[in-house]
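Asks: Can you build the whole structure from these sequences, using the hints too?
Heads up: the protein sequence lines correspond to chains A and B, in order.
Sequential numbering from 1 applies to the first sequence in the numbering used here.
Sequential numbering from 447 applies to the second sequence in the numbering used here.
Nothing false has been slipped in among the hints.
Below are the DSSO-like pairs computed for lysine-lysine, each with C-alpha atoms no more than 30 Å apart in a straight line:
1) B:Lys887 with A:Lys407
2) B:Lys656 with B:Lys615
3) B:Lys883 with A:Lys63
Please keep in mind that the hints were generated in silico from the structure rather than gathered at the bench.
Listed below are the residues making up each chain.
Protein chains: 2
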Amino acid sequence: MSRIVVVGAGAAGTSAASTAKQFDRSHQVTLFGDLASTAYSPCGIPYVFGREIESMDKLFLQKPEFYTQEIGLDLRLSTAVESIDMASRTVTQAGGEQVGFDKLILCLGWSYVLPDIPGVDLEGVHFIKDIERAREIDRQLDSVENVIVWKARPVGLELATGLAHRGKKVTLIDDEPWLLGEFADPDMVKPGQDSLEALGVTFMLSTELKELRGRDGKLVSAVTDNGEVPCEMAFMAADEKPNTALAESIGVRLGSAHGVVVDDMMRTNIPDVFAAGALVETMQAIAGVPVSLLPSTYSYPQGRIAGTNAAGGEMRTRAAYFPWAMEIGTIQVGGVLITETLAKALGRPYVLGVAKGITSARYHPKVEPMNVKLLFDPKTRELIGASFAGGDGVKERSDFMAFAMRKHATADELANMENVYSPPIGALNEPISTAAKDAVKRLGAK
Amino acid sequence: MSRIVVVGAGAAGTSAASTAKQFDRSHQVTLFGDLASTAYSPCGIPYVFGREIESMDKLFLQKPEFYTQEIGLDLRLSTAVESIDMASRTVTQAGGEQVGFDKLILCLGWSYVLPDIPGVDLEGVHFIKDIERAREIDRQLDSVENVIVWKARPVGLELATGLAHRGKKVTLIDDEPWLLGEFADPDMVKPGQDSLEALGVTFMLSTELKELRGRDGKLVSAVTDNGEVPCEMAFMAADEKPNTALAESIGVRLGSAHGVVVDDMMRTNIPDVFAAGALVETMQAIAGVPVSLLPSTYSYPQGRIAGTNAAGGEMRTRAAYFPWAMEIGTIQVGGVLITETLAKALGRPYVLGVAKGITSARYHPKVEPMNVKLLFDPKTRELIGASFAGGDGVKERSDFMAFAMRKHATADELANMENVYSPPIGALNEPISTAAKDAVKRLGAK
Numbered sequence: 001m002s003r004i005v006v007v008g009a010g011a012a013g014t015s016a017a018s019t020a021k022q023f024d025r026s027h028q029v030t031l032f033g034d035l036a037s038t039a040y041s042p043c044g045i046p047y048v049f050g051r052e053i054e055s056m057d058k059l060f061l062q063k064p065e066f067y068t069q070e071i072g073l074d075l076r077l078s079t080a081v082e083s084i085d086m087a088s089r090t091v092t093q094a095g096g097e098q099v100g101f102d103k104l105i106l107c108l109g110w111s112y113v114l115p116d117i118p119g120v121d122l123e124g125v126h127f128i129k130d131i132e133r134a135r136e137i138d139r140q141l142d143s144v145e146n147v148i149v150w151k152a153r154p155v156g157l158e159l160a161t162g163l164a165h166r167g168k169k170v171t172l173i174d175d176e177p178w179l180l181g182e183f184a185d186p187d188m189v190k191p192g193q194d195s196l197e198a199l200g201v202t203f204m205l206s207t208e209l210k211e212l213r214g215r216d217g218k219l220v221s222a223v224t225d226n227g228e229v230p231c232e233m234a235f236m237a238a239d240e241k242p243n244t245a246l247a248e249s250i251g252v253r254l255g256s257a258h259g260v261v262v263d264d265m266m267r268t269n270i271p272d273v274f275a276a277g278a279l280v281e282t283m284q285a286i287a288g289v290p291v292s293l294l295p296s297t298y299s300y301p302q303g304r305i306a307g308t309n310a311a312g313g314e315m316r317t318r319a320a321y322f323p324w325a326m327e328i329g330t331i332q333v334g335g336v337l338i339t340e341t342l343a344k345a346l347g348r349p350y351v352l353g354v355a356k357g358i359t360s361a362r363y364h365p366k367v368e369p370m371n372v373k374l375l376f377d378p379k380t381r382e383l384i385g386a387s388f389a390g391g392d393g394v395k396e397r398s399d400f401m402a403f404a405m406r407k408h409a410t411a412d413e414l415a416n417m418e419n420v421y422s423p424p425i426g427a428l429n430e431p432i433s434t435a436a437k438d439a440v441k442r443l444g445a446k
Numbered sequence: 447m448s449r450i451v452v453v454g455a456g457a458a459g460t461s462a463a464s465t466a467k468q469f470d471r472s473h474q475v476t477l478f479g480d481l482a483s484t485a486y487s488p489c490g491i492p493y494v495f496g497r498e499i500e501s502m503d504k505l506f507l508q509k510p511e512f513y514t515q516e517i518g519l520d521l522r523l524s525t526a527v528e529s530i531d532m533a534s535r536t537v538t539q540a541g542g543e544q545v546g547f548d549k550l551i552l553c554l555g556w557s558y559v560l561p562d563i564p565g566v567d568l569e570g571v572h573f574i575k576d577i578e579r580a581r582e583i584d585r586q587l588d589s590v591e592n593v594i595v596w597k598a599r600p601v602g603l604e605l606a607t608g609l610a611h612r613g614k615k616v617t618l619i620d621d622e623p624w625l626l627g628e629f630a631d632p633d634m635v636k637p638g639q640d641s642l643e644a645l646g647v648t649f650m651l652s653t654e655l656k657e658l659r660g661r662d663g664k665l666v667s668a669v670t671d672n673g674e675v676p677c678e679m680a681f682m683a684a685d686e687k688p689n690t691a692l693a694e695s696i697g698v699r700l701g702s703a704h705g706v707v708v709d710d711m712m713r714t715n716i717p718d719v720f721a722a723g724a725l726v727e728t729m730q731a732i733a734g735v736p737v738s739l740l741p742s743t744y745s746y747p748q749g750r751i752a753g754t755n756a757a758g759g760e761m762r763t764r765a766a767y768f769p770w771a772m773e774i775g776t777i778q779v780g781g782v783l784i785t786e787t788l789a790k791a792l793g794r795p796y797v798l799g800v801a802k803g804i805t806s807a808r809y810h811p812k813v814e815p816m817n818v819k820l821l822f823d824p825k826t827r828e829l830i831g832a833s834f835a836g837g838d839g840v841k842e843r844s845d846f847m848a849f850a851m852r853k854h855a856t857a858d859e860l861a862n863m864e865n866v867y868s869p870p871i872g873a874l875n876e877p878i879s880t881a882a883k884d885a886v887k888r889l890g891a892k
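Replies: Structure (structure tokens):
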């Protein structure tokens, strides 16, 4: 029997605690969450705002009773952990109660970095995270006409899409010149921008937000270096930072991405202290660069690994490639790092393979574009990056390309891949294969 | 300069002739087609019948002038080749004109095997292939109410789907107990059958068609061992056979799938005679069984390989896995051989991995099921078969699995694959990964 304490009840923490308890039911597992809710999908909030999903209630996966009664966790919601003492192996929760542990798993996630501009505390300025806050905002939205979204990051673009669906007049403000700069090249996200513009969203790119201006404490406009935009509500898709304060307080080492450094068993540098989820750093296999703030797809398996190892098992992480995809307006975009932009920034040589493909037979009414850009290593001819923009199937192609990278797929192999042809669901030529053929031409004979 | 004769102007022949000419423009390339049209997509015909595609004209890729003027072929449509003389290296076309060759490429495709029942020659009984015939049938369909489709093969199911969309009363008759028996297990095609039934199609499975009955030379009913079905039109998705008569006349060797045996350069056993397309045999890599009558996805690259090699280049085929997918009603089905049924028939040991997954976040309105069945080799743990049934993304997943097989992917690797999670387009857990995890449990630790 071990006493295992998990701090943080998001995806990683819930997964770590449940896994540890299920690994050995004699363990006493305590899970602390500072919010009142757990086991919900914050990713769904923009779609509730957009009325694509009818209610926030749909986003809950489990009630707290599931974890207390079915799994057998000591679940403490609305209960922040205020300090950790490694000498006595205890955590102290808000109010002073102490809980002892043999193993500790830190899953504290992330917070927004409040932007350094006046007016971020005005009524009507929102940083989307907590679902109970989101319920209130959802009700308030009915009486709002003009909305700004700050930063063309994933959450910002999902919010812009949802709010446009809801009939709001949306202005998207970002100081970068194109959307999703961290993941995507400008040519691959332009169709997404076009699609949002067709939905009525106004873009103010390369535009700095200077101030949120209020009247009687309520937001009335956003002031930028390109002019003032009237708005009753602002959604701030601000920078995020890993919540590492508690970890740092006990000497846990951080890395270059400001996240907790863990080994392949999710162990920190402090004995018996594990970490998992958005606050840890993971190495991107192609770029060789550590990345923190990964999405919940990674939090669940990382939590499983931390939970298993804390409970006495052995489970290891593997190289990560980070496939991603999302809808922007009616366009799907996605891919696997690295992008052309990143390759250039890293000084990494690459050969491109590009294709303007289609998703169905050219004569079928369901046909949509599928633009592909692949990057290959000029020496090994192996795939080192993939980007997609178009209709259905971007998520599946991104998953495929991440797996192909793991298996060291070459341009030649992808050029000769077999593909399904069926008029309503697949074109004669798979766009991935067409792009790889283009790369083979540029690479020359082996 | 060589004289290259290509017999057959379907996908393989058009591809072979164009490739040979483009490889070396000094070659004199003659392309014979027995029909009046070329470069159309017969796969689109069911969707024109279903009014999803507005007209047969949409199915044409190129006009004949493209091949004669742009490519520079000597294109002879409505011109059958009647005989080949290898001693003088000449083909004789209908009417008696002779054309000499240095290299010959046979791309004669396939024909229906006329079923041995009374009434197949009645007015109203159709074997879909020629697009000009299909135009007439399309016009006649307006005045037809009851239709039977014989055989639940791909074309039969596409026709049944299209005709149901068009509002016809469709009865599908097959002597097999389930749909697509050659490609699919019964549990994986049942959702497709349910979907067609919801569209109003009546299934008569395990039912033998005994006779097509007519009045004044016109079809009035189909007689089966389960009763008589009134119908004014019958679509016969009959067995197909490779068109090998001309090949056999010059001593070309056939294989166990009744197709032409070729090496990896598409060469037959007769020097300077190549073959490509539906009439050749290709080895299925997992089953180790030769297969003929492959779809046009294979005809194009095979034609390219035959054309290149006949023109003096060197290009080789690779192992083939045959991903397939199609829509049945509103359900997508697909996969990569082998199926569980085939594994059993071959006595091949396997371990299953199954999942009842979803295509989007469980709370998103676009969510659809994605049932997965994977087969793994119990010793090597490598993927040897995949089947899908559900919503969007079956084609992409089938392509992915064919590539994974080529790269010897194991259950462990697929269980740990990374995947995109984005509420409208991807679930938290990729169904492929869930199915592979199920297989890992059954396989036990490595």
